[in-house]
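Number of protein chains: 2
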Amino acid sequence: MRHTYREQLEGILGDLVTMTQKVAVAVRVGTKALLEADLHRAELVISQDEEIDEMRTDLESRAFQLLARQSPVAGELRMLVASLRMVTELERMGDLAAHVAKIARLRYPECAVPDPMRGNFTRMAEVAEKMVVSAGRVLADRDVAAAQDVQDRDEEMDDLRRSQFRSLLSDDWTHGVEAAVDVALLGRYYERIADHADSMARRVVYIVTGEFPEDETWPEP
Amino acid sequence: MRHTYREQLEGILGDLVTMTQKVAVAVRVGTKALLEADLHRAELVISQDEEIDEMRTDLESRAFQLLARQSPVAGELRMLVASLRMVTELERMGDLAAHVAKIARLRYPECAVPDPMRGNFTRMAEVAEKMVVSAGRVLADRDVAAAQDVQDRDEEMDDLRRSQFRSLLSDDWTHGVEAAVDVALLGRYYERIADHADSMARRVVYIVTGEFPEDETWPEP
Numbered sequence: 001m002r003h004t005y006r007e008q009l010e011g012i013l014g015d016l017v018t019m020t021q022k023v024a025v026a027v028r029v030g031t032k033a034l035l036e037a038d039l040h041r042a043e044l045v046i047s048q049d050e051e052i053d054e055m056r057t058d059l060e061s062r063a064f065q066l067l068a069r070q071s072p073v074a075g076e077l078r079m080l081v082a083s084l085r086m087v088t089e090l091e092r093m094g095d096l097a098a099h100v101a102k103i104a105r106l107r108y109p110e111c112a113v114p115d116p117m118r119g120n121f122t123r124m125a126e127v128a129e130k131m132v133v134s135a136g137r138v139l140a141d142r143d144v145a146a147a148q149d150v151q152d153r154d155e156e157m158d159d160l161r162r163s164q165f166r167s168l169l170s171d172d173w174t175h176g177v178e179a180a181v182d183v184a185l186l187g188r189y190y191e192r193i194a195d196h197a198d199s200m201a202r203r204v205v206y207i208v209t210g211e212f213p214e215d216e217t218w219p220e221p
Numbered sequence: 001m002r003h004t005y006r007e008q009l010e011g012i013l014g015d016l017v018t019m020t021q022k023v024a025v026a027v028r029v030g031t032k033a034l035l036e037a038d039l040h041r042a043e044l045v046i047s048q049d050e051e052i053d054e055m056r057t058d059l060e061s062r063a064f065q066l067l068a069r070q071s072p073v074a075g076e077l078r079m080l081v082a083s084l085r086m087v088t089e090l091e092r093m094g095d096l097a098a099h100v101a102k103i104a105r106l107r108y109p110e111c112a113v114p115d116p117m118r119g120n121f122t123r124m125a126e127v128a129e130k131m132v133v134s135a136g137r138v139l140a141d142r143d144v145a146a147a148q149d150v151q152d153r154d155e156e157m158d159d160l161r162r163s164q165f166r167s168l169l170s171d172d173w174t175h176g177v178e179a180a181v182d183v184a185l186l187g188r189y190y191e192r193i194a195d196h197a198d199s200m201a202r203r204v205v206y207i208v209t210g211e212f213p214e215d216e217t218w219p220e221p
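Chains as they are written, first to last, in the working numbering: chain A, 1 to 221; chain B, 1 to 221.
Heads up, a few of these hints could be off.
No copy is singled out in the list; a pair is fine if it fits within one copy or between any two copies.
[Claimed, not checked] No more than 20 Å apart at the CA atoms, straight line, and that leaves these computed lysine to aspartate or glutamate pairs for DMTMM-like: (1) K102 <-> E191; (2) K102 <-> D158; (3) K130 <-> D15.
No lab work stands behind these hints: they were computed from the structure.
Same shape as in the complex, but just chain A (with noise of 0.2 Å):
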């Protein structure tokens, strides 16, 4: 019986690394429907994201049923609760990279990047889809060193936004108030994807140190 438990654990566990995955897909496939105005895949990853929504129904009940059954203490309940959590934040990332997507579907058959811009969004994908893997690892892993390398791409990240501003508000902007509205917003998705897979990261330290990385050396949660 507490071999079966621990099976279950490890099974929620695994599930949210699949999960991470698909998420990381998500980011990977909507970028590129995004970036190639291509509706095809623009519908793949908003018709996927219902099956990231029923991962998440799914293992929120398994990780509630748990807590019920068992009355898990000290690491065992931490990691149920930072399930709990991560497998929301995995959801919210489901759904901004199903965002990029409806965007990429609402301007076909133009593409909503400018031209000028497309290396930046190229980048901004690029660092987020490596973030939710390398999230996704620290996760598989217990592998608390490898939750730096998911902040310190953050910072890269913000970066990038910046740059992004700069553009948008710079005399050179001849790409109209449509096309900056959809890059504040795309870039906002970017940025929220890469907070969800620091916090993420985060939470995996939570579990396996039992104290939650906050203040210098973590920019706030």
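Starting from the known structure of chain A, fit chain B onto it as the hints suggest.
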């Protein structure tokens, strides 16, 4: 001992209600700062967000301690798990109110909102604040029926946001790119505050009934 435990549970709910009130004030004062280009009020909301963050840390730790020491089941477990989530959502709503204040501060002494958009933002902020207040009331009184009110207002919020986009993207928009970007992001912040309030109200329904309201009658959480 059992009595003290009940008191601790009620204390957590009571402090969540207090936190909700603080968030409602942050939304109201942040909006005043925005619409009146009031630097003092903007700074106030930004600095008071730290209090909301501290309440979160404190409440999380108390809820976790109760989970660990009392191994609650059924309704009490549901309540504690829901509390852990509500506290995250309230902290996030506080952040979003602070984001509004930061845009007010960034544009000071100018007003970030162009004149023709004042009515839209005044109403958006009213709806958001009322949703937060109602969510607090739903929580304080465990009033499941009142949760419907929160949901109805969320529909008005969606309408306001759509009307905002119509203004932004119409040929009559003469306020330039910077104002458009501000309006798009501000609208997003109010919309997210409303989403979190709606989600909070659902969590109360879950505490009371054991069923999380989804499907036809409620839009996705």
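message: Within, between, both or neither: how does the pair K130, D15 come out at a Cα-Cα threshold of 20 Å?
response: Close inside one copy (19 Å), not across copies (38 Å); limit 20 Å.
message: Cα distance capped at 20 Å. Does K102 pair with E191 within a copy, between copies, both, or neither?
response: Both, since 17 Å and 17 Å are each at most 20 Å.
- request: Give the relationship of K102 and D158 under a CA distance limit of 20 Å: within one copy only, between copies only, both, or neither.
  value: between (23 Å within a copy, 16 Å between copies)
In summary, this structure violates none of the numbered hints.
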